[in-house]
Each structure stands twice: as structure tokens, then as C-alpha cells.
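Taken in order, these protein sequences are the chains called A and B.
Residue 148 in numbering that gives the first Met the number 0 sits at position 149 of the first sequence, and the numbers go up by one each step.
Residue 147 in numbering that gives the first Met the number 0 sits at position 148 of the second sequence, and the numbers go up by one each step.
Hints are computed from structural coordinates only; laboratory data are not their basis.
Please note: incorrect hints may appear among the correct ones.
Counterexamples of contact, computed for chain B against chain A with all Cβ distances above 12 Å [what the hints assert, rightly or not]:
hint, residue
1, T41
2, A64
3, T69
4, R74
5, E122
6, L179
Stretch-level coverage of chain B by chain A, calculated; a stretch enters the list once three of its residues show a Cβ under 8 Å from a Cβ in chain A [what the hints assert, rightly or not]:
hint, region
7, 5-16
8, 126-138
9, 154-162
Note that the structure is a prediction, hence the values are computed from the model and not measured.
Note that beta-carbon positions come from the ideal geometry of N, C-alpha and C, so glycine has one too.
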Amino acid sequence: MKCEDVSKELIAYLDRRANSAERMEVEEHLVSCAACRTRAEEFRKVWNVLDEMPVEEPSLGFDARIRQRIADEPRPGWFRWFVPQPRLALSMALLVALCVWVSRLPRDYPTTATIPAPVTEQQQYQVIENLGVLENYDVLSKFDALSELPVPAAPDKSKDDLKRDDTGGM
Amino acid sequence: MARTDVQLMMDVKAGDTASFELLLQKYRTPLVNFLYRMVRDTATAEDLAQEVFLRIYRARKDYFAGAKFTTWLFRIATNLALNSIRDNRHQRMEVSIDAPADEDEAPIQVPTREMRIDEHMIERDRAEFIRRTIQALPEKQRAAVLLHKYEEMDYGEIAKVLECSESALKSLLFRAYETLRIELAPLMAQQPVGNRAGEGRL
Numbered sequence: 000m001k002c003e004d005v006s007k008e009l010i011a012y013l014d015r016r017a018n019s020a021e022r023m024e025v026e027e028h029l030v031s032c033a034a035c036r037t038r039a040e041e042f043r044k045v046w047n048v049l050d051e052m053p054v055e056e057p058s059l060g061f062d063a064r065i066r067q068r069i070a071d072e073p074r075p076g077w078f079r080w081f082v083p084q085p086r087l088a089l090s091m092a093l094l095v096a097l098c099v100w101v102s103r104l105p106r107d108y109p110t111t112a113t114i115p116a117p118v119t120e121q122q123q124y125q126v127i128e129n130l131g132v133l134e135n136y137d138v139l140s141k142f143d144a145l146s147e148l149p150v151p152a153a154p155d156k157s158k159d160d161l162k163r164d165d166t167g168g169m
Numbered sequence: 000m001a002r003t004d005v006q007l008m009m010d011v012k013a014g015d016t017a018s019f020e021l022l023l024q025k026y027r028t029p030l031v032n033f034l035y036r037m038v039r040d041t042a043t044a045e046d047l048a049q050e051v052f053l054r055i056y057r058a059r060k061d062y063f064a065g066a067k068f069t070t071w072l073f074r075i076a077t078n079l080a081l082n083s084i085r086d087n088r089h090q091r092m093e094v095s096i097d098a099p100a101d102e103d104e105a106p107i108q109v110p111t112r113e114m115r116i117d118e119h120m121i122e123r124d125r126a127e128f129i130r131r132t133i134q135a136l137p138e139k140q141r142a143a144v145l146l147h148k149y150e151e152m153d154y155g156e157i158a159k160v161l162e163c164s165e166s167a168l169k170s171l172l173f174r175a176y177e178t179l180r181i182e183l184a185p186l187m188a189q190q191p192v193g194n195r196a197g198e199g200r201l
């Protein structure tokens with residue numbers, strides 16, 4: 000062990016807080032190194048000198064002051080149940096703000112509120128014209144008419160089928 | 000059977016102010032001494048000690064049994080002391096950079112053997128010399144020495160208070176004691192009459 004390595008463990012060795020392995024290493028070094036041995040002896044003397052520092056007592060009013068300050072501390076009461084925690088209050092406020100912001104966003108799909116209601120008969124006609132085929136009144140009425148047609152007789156149908164086979168077989 | 004600090008603090012947490020009084024009585028003197036040696040001023044040290052106890056009381060609901068009370072106590076104290084030293088330093092710089100240093104800031108005159116300090120320096124002067132030598136150490140080294148020498152904390156606890164590794168703490172302590180060894184050499188030349196037995200023990 001070198002002097003630099005010993006220096007780190009020397010205090011722990013002297014105050015008896017080093018473990019047995021560290022103690023042995025330091026002791027082995029101290030046997031062979033006079034400089035570190037001298038330093039170790041002087042550290043012990045330093046500690047004795049430091050013991051000469053007198054202990055200062057707190058002033059007479061110290062305890063009374065701290066007792067008063069503690070007595071002045073606000074006591075927890077039943078009303079504190081209704082006082083929200085700051086973090087909770089902030090989270091709730093942010094959540095409400097987010098909801099308001101989302102609700103005010105423009106929507107992609109049209110709503111009934113955005114389509115103006117037809118006012119005149121001409122406007123109504125234009126709307127009907129623009130409807131899809133299945134929603135067109137005329138088409139629907141024609142389908143009604145078709146449903147009222149008489150059902151063709153079965154023999155006629157077989158004749159037609161034969162004719163179609165003769166002509167379509169080419 | 001006496002209750003431990005942790006038990007006392009758990010009782011304080013449960014609302015027992017008498018237990019807080021016991022902790023106050025136990026730690027008021029070491030805390031004031033630690034802060035006095037850190038900040039160099041009695042009034043400031045007492046104000047800071049009051050603040051430490053008040054913070055402990057206010058944070059009683061957050062205390063948990065796994066935390067060592069003295070580590071918590073001295074961690075708050077060290078942080079407050081370091082902030083106070085920093086603020087005080089800034090304040091002094093703002094007042095006047097060129098102003099002459101006050102008495103506390105005057106360079107320490109290391110007594111030489113020629114001054115025959117062992118014959119003429121009375122106990123109070125020796126204590127004052129030691130106090131000023133400790134206060135001349137860099138703040139973190141000073142805190143480490145005070146916690147190690149006077150509060151007799153173990154390395155793990157001091158490392159937690161100073162927020163460093165145990166290895167860094169050992170280096171810090173070595174540098175601090177090395178400075179003290181050199182600066183206090185004149186006082187080590189002769190121990191005062193009736194000095195305590197048990198040399199070399201913390």
C-alpha cells in the first residue's frame with residue numbers, strides 16, 4: 000500500500016471505524032513508513048486539541064421561542080377536507096380546460112345545424128334533384144308502378160327461355 | 000425504557016407534541032453548536048436552529064421509520080447553514096468589494112513558538128484560535144469535520160448529510176484534518192494543563 004492509498008484510510012483507522020482488512024493494510028504500511036506514522040500521531044493530537052472547543056449553550060429564550068412558533072403553526076381542522084390538494088386542483092383545472100378546448104374544435108362531418116333548411120318550393124325541388132337515385136321520389140314512384148305489374152304466366156316464360164337458348168347459343 | 004429518536008418522531012407524527020419536546024431538549028445544544036461553528040455568528044446559528052426544528056415539525060407527517068433522525072436533522076441544518084453562508088457572502092460583496100474585512104475575516108495569525116503561546120495563551124484564546132482555524136476550512140470540509148469529530152456520526156451518515164459518496168467523504172476528511180494538522184501545530188506543541196485522558200479517541 001502506498002502513502003496516497005493509506006491517506007484515504009488513515010482517519011478511519013485512527014477512529015477505529017475501518018474494517019479488519021483495511022486496518023491490517025494500514026498497520027503494515029505504518030510499520031514501514033515513518034512519515035505516515037508521524038502524520039497518524041499528529042492526527043491524534045489534532046483531535047485532542049479540537050476537544051478544547053467549548054460547548055455553547057443556546058440562549059435562555061431559545062426553547063420558549065420555538066415553542067411559541069410551533070404553537071402559532073396552523074392546526075389541521077375538519078374544513079381541510081374541503082380544501083383540495085394543490086396538485087389535484089391543478090389536474091382538475093387542466094382536465095376541464097382540455098374538455099372545453101376539444102368541444103370547440105371544428106368537426107369534419109356536416110351536422111343538421113350546418114345545413115340551411117330549404118325555404119321556398121324551388122329550393123326544395125333543387126334539394127330533391129340533388130338527392131341520390133334511391134332517394135329520388137320519381138324513381139321510387141316508378142318502382143311502385145313496377146310492383147303493380149301483373150306477374151307473367153309460367154308457359155310464356157318457358158317459351159321465352161327456349162327462344163333465348165336458340166338465339167343465344169351461337 | 001427510553002424511546003429511540005425514530006420512536007419519538009413517529010409519536011410526533013401521530014400528534015404527540017411532548018415527544019417533540021424531548022427531541023428538542025436532546026438536540027438543541029448539538030444543533031446550535033454545529034450551526035455556530037458553521038456560520039460564525041451566535042444569533043444566526045440560533046435562528047437557523049429554530050428554522051431546523053420548525054421544518055422538522057412541519058414535515059412530521061412525511062417522516063417514515065426507515066429514515067435516521069439525526070441524518071435528517073443535520074441534513075436540513077447543513078443545507079440551511081450553507082445557504083446562509085452563501086447569502087451572507089453575496090450580501091457582503093454587494094455592500095462593498097473594497098471594504099476592509101471585519102474582525103472575523105481577518106487572517107488568522109498562527110502563533111509561533113517564539114510567541115511562547117504555551118505560557119501566555121489562556122484557555123479561551125486557544126479555543127478562539129481553534130474555532131477560527133475550523134472556520135477557515137472550506138464549507139464542506141468544515142461540515143464534515145464537525146459531523147465526524149463532534150457529532151460522532153459514522154461515514155455513511157455523514158455522506159448522506161453531505162450528499163457525497165463514502166469514498167469522497169474519506170478524501171474530504173483527510174484533506175480537512177491535514178489542514179488542521181498544519182494550522183494547529185503550534186497548539187499541539189504543548190497540551191494545556193489537565194488535558195483529558197484517552198488520547199486519540201474521537
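| request: Starting from the hint list further up, note which numbers the structure goes against and sort them upward. | output: 1, 5, 6, 7, 9
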